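Engineer: Chain order of the listed sequences is H and C. All residue numbers for the first sequence refer to this note's numbering, where the first residue is 304 and numbers rise by one. All residue numbers for the second sequence refer to this note's numbering, where the first residue is 1087 and numbers rise by one.
Please keep in mind that the hints were generated in silico from the structure rather than gathered at the bench. Where hints are given, some of them may not hold.
Claimed, not checked - Calculated pairs, DSSO-like style, for lysine-lysine (alpha carbon to alpha carbon, straight line, at most 27 Å):
| # | chain 1 | residue 1 | chain 2 | residue 2 |
| --- | --- | --- | --- | --- |
| 1 | H | K377 | C | K1573 |
| 2 | C | K1573 | H | K381 |
| 3 | H | K377 | C | K1362 |
| 4 | C | K1445 | C | K1430 |
| 5 | C | K1573 | H | K312 |
| 6 | C | K1316 | C | K1434 |
| 7 | C | K1125 | C | K1519 |
| 8 | C | K1362 | H | K312 |
| 9 | C | K1445 | C | K1456 |
| 10 | C | K1111 | C | K1125 |
| 11 | C | K1412 | C | K1445 |
| 12 | C | K1187 | H | K377 |
| 13 | C | K1434 | C | K1421 |
| 14 | H | K377 | C | K1364 |
| 15 | C | K1456 | C | K1412 |
| 16 | H | K312 | C | K1187 |
| 17 | C | K1445 | C | K1316 |
| 18 | C | K1125 | C | K1187 |
| 19 | C | K1184 | H | K312 |
| 20 | C | K1430 | C | K1456 |
| 21 | H | K381 | C | K1362 |
| 22 | C | K1156 | C | K1471 |
| 23 | C | K1364 | H | K312 |
| 24 | C | K1471 | C | K1412 |
| 25 | C | K1573 | C | K1184 |
| 26 | H | K377 | C | K1125 |
| 27 | C | K1456 | C | K1471 |
| 28 | C | K1184 | H | K381 |
| 29 | C | K1430 | C | K1316 |
| 30 | C | K1364 | H | K381 |
| 31 | C | K1316 | C | K1156 |
| 32 | H | K377 | C | K1184 |
| 33 | C | K1156 | C | K1421 |
| 34 | C | K1330 | C | K1456 |
| 35 | C | K1448 | C | K1412 |
| 36 | C | K1184 | C | K1364 |
| 37 | C | K1184 | C | K1125 |
| 38 | C | K1187 | C | K1111 |
Computed from a prediction, not measured in an experiment: that's the story for all the values here.
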Amino acid sequence: MSESGDYWKANIRLVIGCLVVWFIVSYGCGILLAPALNNIRILGGYPLGFWFAQQGSIYTFVVLIFFYAWRMNKLDEKFGVQED
Amino acid sequence: MDSLQLMTYLVVGATFALYIFIAIKARAATTGEFYVAGKGVHPVLNGMATGADWMSAASFISMAGLIAFKGYDASVFLMGWTGGYCLLAMLLAPYLRKYGKFTVPEFIGDRYYSNIARVVAVICLITASLTYVIGQMKGIGVAFSRFLELPFETGLLVGMVIVFIYAVLGGMKGVTYTQIAQYCVLIFAYTVPAVFISLQLTGTPVPQLGLGAHMGGDPNNMFLLDKLDKTLVDLGFHEYTLQKGNTLNIFLYTLSLMIGTAGLPHVITRFFTVPKVKDARSSVGWSLVFIAILYTTAPAVGAMARLNLMETIHPTSGVNAGQWLKYDERPDWFKNWEKTGLLKFEDKNGDGMIQYVGKGNKEFENEMVKVDRDIMVLANPEIAKLPNWVIALVAAGGIAAALSTAAGLLLAISSSISHDLLKGILAPNMSDKSELLSSRIAMAGSICVAGYFGLHPPGFAAQVVALAFGLAASSIFPALMMGIFVKRVNNVGAVLGMLSGLGITLVYIFWFKGWFFVASTAMAPNTPDHWFMGIAPEAFGAIGALVNFVVAYVVSGITAPPPEHIQHLVDDIRVPGVVRR
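All chains should be built: construct the whole structure from the sequences, respecting the hints.
Structural biologist: Next comes the structure, spelled out in C-alpha cells:
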C-alpha cells in the first residue's frame, strides 16, 4: 500500500510540474506577459507574446503531453504497476 | 453546370463513397464494439479520429474568420481549444480508461454511488452534445447549399442519411474508421489553400513560418504582421497583434474553454477505445498533434485572409494604390457572397466606391455593413484566385469536419440514453442484444431530432455554444477530476457541487442572454460595461468550476466519507495494473 502511495505522490509531482509549464506558456507568456514580450521578435517578424498566444503555447502543449506519457510509463515500470 | 460545380460534385461524391465503403467494412456486432470500438483502436489512429471528432464546422470554417477579425484577442480559442488536452491527458483520460466502462455518466454514477449523480451527468451530456450537433447540421446544410447549389433542406437531408448509414450501422467502430478518413480529407483541404496563399504572399510554403516572414520573401520588405498592423491602423482599425479586450476576461475565457474541452463527453469517450492505459496517455498526445496541425495553420490563414481582403478593397501597391475599389469592378467572389447575404455593402456617400474602415477613421463612414466572419475560410481560395479543385476541396473538407463531429456527438447522446438511462437505471435486466438495438434506435432518434433543429434552428443556435462549454466546465470536469484525485468527496458533495457550479454558470449566461435564451428576458445588456468585472458569459465556466470544487470539497468534509468499496475503486483506477492489497 505504501509503495502505491509513493507511486501516486510521484505522479502528482510530475503532473504539477507539467501544469506549471502549461500555465507559464499560455497564461504567462501568451496573456499576462504578452504586452512586454511583444518587444522581442522571433522567427522573423513574430512579436514574442503574440507568437506564444497563437503558436508557441500549442507546440509546448504537444511536447508536454508526450513528456508526461513517457515519464509516467517509466514510473509505472519503476513501481511495477504497469499493465501486463 | 459550370466546371467548379462539377468539380465540387466529383470531390464531395468521392469522399462520401469512401465513408460509406468504410462503414460497411466496420459494422459493430457487440455493445462493446458499438460503444467503444471493442477497445482495439491503435493510439495513433485513435488520435486522428479524435482530431476529426473534435474539429467541427466551427474549427474548420469559423475559427480562422474569428482570428482574421479579432487578431490577438482570438488567441483564447487557439489556446483554449488545445490546452484542454493537457488537462485531459494528465487528469482524466488514463484513469477513466483504467476504469474501463462505456460512458462518462456511468463513471460518475459509480464513483459517487448515486443514480442522481448519474442522471445529472446524463442531462448535462445530452444538453451539451445536442446544442453542438445543431450547429454541425446547420454547417452541413450551408456547405451544400453554397457549393452544390442544392436547397438547404436537401443538403441537410443528404448529410443526415450519410451519418445515419455509418453511425447506426457501425457505432463507435464505424465512426472511428470513418473519422480517420475524414481527418485526412479535412486537414488536406485546410492546409492546401494555406500553403498556396503563404507562397503567394511570403514565398514560404509553410504557413506557420510565412506568418512571421517578410512580404514577398524579400528582406527589404516589411514583415507580414507589421504590414497588416499598419494597413489596419491606417484605415482606423485596432492593431492586429495587440490585445484589445480586458486581461481578466481573456484569462478566464481561455481557462473556461480549456476546462470545457477536457470535460466534453464525446471527446473523453474516445480514450475509452484504446487497448491500454499507456495508450490513453499517448493517444491524447497524438490527438493534439493532429489538432495542432490545423490550429497552428489557422492563425496564418486568418491573418493572410484579412490582408488579402484589405488589399482587394484598398490596395497599397500596384496601379490602384491608395484608391478604394469601385463597386462596379468588384470581383466575382464578392458578388457570390453578396447573394448569400453574408456580405453587404451600402454606398453611404454615393461615390460608387467601397470604403471599408474602422471606428478610428474620421474621414469615411464604414460602407461594408456586413462581413460575416464565417465566409473567410470558404471565400479565401477565391479571394486568392486559387484553382477550382482547391475550392472544391475546401467544400469537401468543411463537410467532413461537420459530419465527423456530428457522428461523435450523436454516439455520445445515444449511448448515454441506451446505456445510462435504459440499461443503467430503468431496465437493468436488458440483454446485450436488446441494448444494442435500443442504442441504434436512440441514435436514429437523435439524428432526427438534430435534423429537425438543423432545419428549424432555434434563434439562439449560435449562443448555445457558450452553454455547451459552460456545462462541461462547471459540472462534468470537476466531478470527474475530484472522483479520481480527491478520495474524500462523497455522493452529497459531488451532487451539490455539480448543481451549484451548473446553477451559477446558467444564471450568469441567462442573465445576459435572456432566460432560456429568450432575448427579451435578459436582465442586463450583453456588453462589457454590464458584465461582472468585465467577464463575458462565455468566460464564466471557469468560475462555475471553481464553485463546484469548493462546494463539493466543503460539503464532503462535513458529511460521511464514501464507503470502503468506493475508496478501493479509487485506488484501483489510480494505477494502470492490478492493485495488490
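Engineer: The structure should be examined with respect to each hint, and the outcome stated for every one.
Structural biologist: Taking the hints in turn, this is what the structure says about them:
no.: 1; hint: K377(H) x K1573(C); in the structure: 25 Å, holds
no.: 2; hint: K1573(C) x K381(H); in the structure: 24 Å, holds
no.: 3; hint: K377(H) x K1362(C); in the structure: 15 Å, holds
no.: 4; hint: K1445(C) x K1430(C); in the structure: 18 Å, holds
no.: 5; hint: K1573(C) x K312(H); in the structure: 14 Å, holds
no.: 6; hint: K1316(C) x K1434(C); in the structure: 25 Å, holds
no.: 7; hint: K1125(C) x K1519(C); in the structure: 19 Å, holds
no.: 8; hint: K1362(C) x K312(H); in the structure: 22 Å, holds
no.: 9; hint: K1445(C) x K1456(C); in the structure: 14 Å, holds
no.: 10; hint: K1111(C) x K1125(C); in the structure: 17 Å, holds
no.: 11; hint: K1412(C) x K1445(C); in the structure: 22 Å, holds
no.: 12; hint: K1187(C) x K377(H); in the structure: 26 Å, holds
no.: 13; hint: K1434(C) x K1421(C); in the structure: 19 Å, holds
no.: 14; hint: K377(H) x K1364(C); in the structure: 11 Å, holds
no.: 15; hint: K1456(C) x K1412(C); in the structure: 17 Å, holds
no.: 16; hint: K312(H) x K1187(C); in the structure: 26 Å, holds
no.: 17; hint: K1445(C) x K1316(C); in the structure: 15 Å, holds
no.: 18; hint: K1125(C) x K1187(C); in the structure: 10 Å, holds
no.: 19; hint: K1184(C) x K312(H); in the structure: 19 Å, holds
no.: 20; hint: K1430(C) x K1456(C); in the structure: 5 Å, holds
no.: 21; hint: K381(H) x K1362(C); in the structure: 18 Å, holds
no.: 22; hint: K1156(C) x K1471(C); in the structure: 24 Å, holds
no.: 23; hint: K1364(C) x K312(H); in the structure: 19 Å, holds
no.: 24; hint: K1471(C) x K1412(C); in the structure: 19 Å, holds
no.: 25; hint: K1573(C) x K1184(C); in the structure: 17 Å, holds
no.: 26; hint: K377(H) x K1125(C); in the structure: 23 Å, holds
no.: 27; hint: K1456(C) x K1471(C); in the structure: 22 Å, holds
no.: 28; hint: K1184(C) x K381(H); in the structure: 19 Å, holds
no.: 29; hint: K1430(C) x K1316(C); in the structure: 25 Å, holds
no.: 30; hint: K1364(C) x K381(H); in the structure: 14 Å, holds
no.: 31; hint: K1316(C) x K1156(C); in the structure: 15 Å, holds
no.: 32; hint: K377(H) x K1184(C); in the structure: 17 Å, holds
no.: 33; hint: K1156(C) x K1421(C); in the structure: 25 Å, holds
no.: 34; hint: K1330(C) x K1456(C); in the structure: 21 Å, holds
no.: 35; hint: K1448(C) x K1412(C); in the structure: 21 Å, holds
no.: 36; hint: K1184(C) x K1364(C); in the structure: 10 Å, holds
no.: 37; hint: K1184(C) x K1125(C); in the structure: 12 Å, holds
no.: 38; hint: K1187(C) x K1111(C); in the structure: 25 Å, holds
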